[in-house]
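Chemist: The listed protein sequences correspond, in order, to chains A, B and C.
Quick note on numbering: the first sequence equals residues 1 to 396 in our numbering.
Quick note on numbering: the second sequence equals residues 1001 to 1396 in our numbering.
Quick note on numbering: the third sequence equals residues 2001 to 2396 in our numbering.
Rather than coming from a laboratory, the hints here were simulated on the basis of the structure.
Quick caveat: nothing in here was measured; it's all calculated off a predicted structure.
Among these hints, one or two may not hold up.
[What the hints assert, rightly or not] PhoX-like, lysine-lysine: derived pairs with alpha carbons at most 25 Å apart:
1) 2392/C x 1053/B
2) 1394/B x 394/A
3) 394/A x 2132/C
4) 1003/B x 1378/B
5) 2021/C x 1142/B
6) 1132/B x 1095/B
7) 53/A x 1378/B
8) 1053/B x 95/A
9) 1053/B x 1135/B
10) 2053/C x 2283/C
11) 3/A x 241/A
12) 1392/B x 2053/C
13) 392/A x 1241/B
14) 2095/C x 2132/C
15) 1394/B x 1095/B
16) 187/A x 203/A
17) 203/A x 95/A
18) 1290/B x 95/A
19) 2095/C x 392/A
20) 2132/C x 392/A
21) 203/A x 2053/C
22) 2392/C x 1394/B
23) 1132/B x 392/A
24) 187/A x 142/A
25) 95/A x 1135/B
26) 142/A x 1378/B
27) 1290/B x 378/A
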Amino acid sequence: MSKTIELAQHLETLHINNMYKSDFYWTWDKTDEELDAIFTVADALRDLRERNKSTRIFDSGLGISIFRDNSTRTRFSFASACNLLGLTVQDLDEKKSQIAHGETVRETANMVSFMADVIGIRDDMFIGEGHKYQKTFMDAVKEGYRDGILEQQPTLVNLQCDVDHPTQCMADMLHIIHQFGGVENLKGKKIAMTWAYSPSYGKPLSVPQGVIGLMTRFGMDVVLAHPEGYDVMPEVEEIAKKNAAATGGSYKKVATMEEAFQDADIVYPKSWAPFAAMEERTKLYQAGDKDGIDALEQKLLAQNAQHKDWTCSEEMMKKTRNGSALYLHCLPADITGLSCPEGEVDNSVFDRYLVPLYKEASYKPYVIAAMIMMSKVKDPVSALMALDAAGKRKFF
Amino acid sequence: MSKTIELAQHLETLHINNMYKSDFYWTWDKTDEELDAIFTVADALRDLRERNKSTRIFDSGLGISIFRDNSTRTRFSFASACNLLGLTVQDLDEKKSQIAHGETVRETANMVSFMADVIGIRDDMFIGEGHKYQKTFMDAVKEGYRDGILEQQPTLVNLQCDVDHPTQCMADMLHIIHQFGGVENLKGKKIAMTWAYSPSYGKPLSVPQGVIGLMTRFGMDVVLAHPEGYDVMPEVEEIAKKNAAATGGSYKKVATMEEAFQDADIVYPKSWAPFAAMEERTKLYQAGDKDGIDALEQKLLAQNAQHKDWTCSEEMMKKTRNGSALYLHCLPADITGLSCPEGEVDNSVFDRYLVPLYKEASYKPYVIAAMIMMSKVKDPVSALMALDAAGKRKFF
Amino acid sequence: MSKTIELAQHLETLHINNMYKSDFYWTWDKTDEELDAIFTVADALRDLRERNKSTRIFDSGLGISIFRDNSTRTRFSFASACNLLGLTVQDLDEKKSQIAHGETVRETANMVSFMADVIGIRDDMFIGEGHKYQKTFMDAVKEGYRDGILEQQPTLVNLQCDVDHPTQCMADMLHIIHQFGGVENLKGKKIAMTWAYSPSYGKPLSVPQGVIGLMTRFGMDVVLAHPEGYDVMPEVEEIAKKNAAATGGSYKKVATMEEAFQDADIVYPKSWAPFAAMEERTKLYQAGDKDGIDALEQKLLAQNAQHKDWTCSEEMMKKTRNGSALYLHCLPADITGLSCPEGEVDNSVFDRYLVPLYKEASYKPYVIAAMIMMSKVKDPVSALMALDAAGKRKFF
């Protein structure tokens, strides 16, 4: 029996009826079994690919991508996932588009979705904006479907918003699961999500938020650490606490990187912007205050520069369990002595974890494909079994 | 019997032998039965899509798109149409291309068409230029096919030129047909194609021209209204007159929006540039006179601003038949109080017609797909029947 | 028996076992039989296309393109080749990407290749850089495959580097073969690869290098001519000499265009940059010396302007065998009196060779597809036979 068949049999045991036609905004909207289903289908699709089995569930169809911020990894992951399932990507490049000044999101959403099966959106630049845009967009296409404008109801894959970065964190998590040999081995493991210094300014908060919102669901001890002023959204911290309480794990905040790294099994040191400043930035942006944004940026760069000691150095790594915690990063990292003079991580640390880091990233296309498949296929168990029994991807 | 089979049977009654391998420049190049065929195939493809039938007529192949002006709706419609039929879009982005200074259209045309099945071109910016470019391009690929450079003869879908915007107007017309319950109900219906004020400058004339050139063929009373100086091409007016004479309808010009709207069943109020000024602009463009173009633009904006009363207000709509004419627009519209302080249409009017407007737009991908199918498939009747009998688009 | 079957039978006689999973950097890495295999498969794919046979060898999959310099012809050729075989192109547009300052090629390579079957790279701007980038990239994906990051090992098609332009020169060569009725007719034919004046500055050396590196393998008398200072890489000249010695042909350099054209059967007059200056330019580029590059450019333009007499005029063409040598160019050419006042070739000469020139270009998609097929298909003979026996590309 193939691995795919085993995984399909596991999928059959899960309560996943609500996933069909559903959107994927945040991991905490989903039940544990629904997340399990994503991991299971991602593994099955990877197994099929490795055995040169076609994984097309569509004969034709479109995946619309909207990147309101630059992207390489996620762009290629979305394109790979669509191709894996038989969809063609059509990118909405807002610069090349005739999107009128004042055109409503509702109109744009309908105009690009006449034959869309899935929509992938990255909008992570402004606190309070990204999720709102995705929600407005998807409400519009749902209405469009209801009103007979669209022949099918496209579903959403959140490719990063201001709140969560689910395709990243699910890929991170699937990597952890495989590194530790299964979810059952994660109970009591300590994971440190910590801020780290980067010479650049204003990275989104969605990764640390996504990590504490997701990784608290597996019985792990999740620790968040950051300098003063770099808080994440309080709503997401609340979710992390509830998750921990429900799964026998824990969530806590500590004041230093050292404390967070102490005896950690997994570390995720990464720069992000201070929340309050990001809120201020959103207001300046809404007011069109370009000078204000520049001034704020200068202030934040200066603030940033006070925390250069928050770095994943060899010294810091020694504090982790046996000095060999699993090092995670969403990439690209700011690497001391390689991409910048002082950054998030020592070159020697980064280099030692290169292969696992790239493997971590390699789960993203499969996670996205699994999200799409679960939202578009009514009976995914039968679909996996049929794919397992069917033809080749490379014919010769 | 499915709707597709019924439509295929209707298609069988039409004289459509000349459509195979033909280009689609202007609706008035086509016979009534040929336009009927486009509508019929568009409806059939939509019916197949709704029933999750695959509509692939190609196993592989390319649709080349060239947008010499910005586009969202038409870009996504062309991409959707190509995908629907099994073609992949390859866009010629002239900015990213190594198109040498002075490179001939003939060379570019051949270089991008080695495996092109269909070419979609938008070139609507300059009077006297857009159609010429399309014609030169297609003559070149025809010669390329004749000379053994190309293995297949690609066909054209005009995605908007300086003269006509057939994919838009055919979609508008198909929307009208469905709203009124069939072509047979259109005799004697009054449609008002009117100029409307927009704060922007220089929109193409191809929509009003396309509308009067097409809608005069269905026995309707077509009325054109615009301020002095905003004439459309006289050649197209001649076509409108001949069409009307041939179908028992009428074509006339009136001097005010009020008169045009009076008892109208359908209204299409939309901004466009003054013809004479557009001709002047073409000359300045050919002479490379950037300052001249800017000066002209200022003059035209001032001229424009004198006609702010040409707007589709609630008052204006009350003049139409039962105050409830069908409101059309090619989108995006300039909406008073939403996208601009004073524009083409009141927000409340636009909002009331939102669903029908988006439906109007939703026909465009199917109309384009039908144009492609009729030019690439020798026996479209059998093709539709085969598609109806064949497999799924979404496999699971 | 179809032409494809004949070609497949010829393919069966060749020693081509090393081509599977191999990269295509330079023609001189490949044996004569391997090049023969590329030509054979290119012809077979063209024959299949002409007979409306599907040539898909992939059910799904990605071809990644990276154009670090502008491109139309090669971009469309790569897209056509991928489509021909069933792959979808995903372009890495470095401007739209989140490629961090200092991000290693190794990281980028892995991040874009999770589901890549083939990688096409153009990087021709700087001597000593282009090939290095391609090599680093491909080493990284090989490691990625070995380490379990990638599920498949993507192969390279060099779409032009600083050393060779194999897809161009193989297309040129296939054109020559067909024009002269077979490789067996090329012995003793004289081909003149000469520099020609262009008003633009700094065209890559990879075409003349690729030409002398490839065309010396067919028993032809290959002559290179250029003004002083416009030498090509000495390593490639060494290869040309060895090739000539091995095949009974010859390679020599002459000092004037006249001498090169004298009794030539084939001429390839084309501008390129002086090698030493290109090396200097690379250093200035590495030092980020923008002013230095500008100054160098001025110097080179002045140097260029001294050689306006190096032009493929009607007079010059008269010197060739019967005044009717086959004129080659990779396009776009700088055409005197058409695209510039003084350029590489007289308008009347260029115009007379238009059809053969476009045919020359038309081989590129098939050559690229053949390179991909030979590197991805283990048993190409059976694959061609199966394609010949199988279904249609256009279904109706």
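Chemist: If any of the earlier hints don't hold here, list their numbers in rising order.
Modeler: Structure breaks hints 3, 5, 7, 8, 9, 10, 11, 13, 15, 16, 19, 20, 21, 23, 24, 25, 26 and 27.
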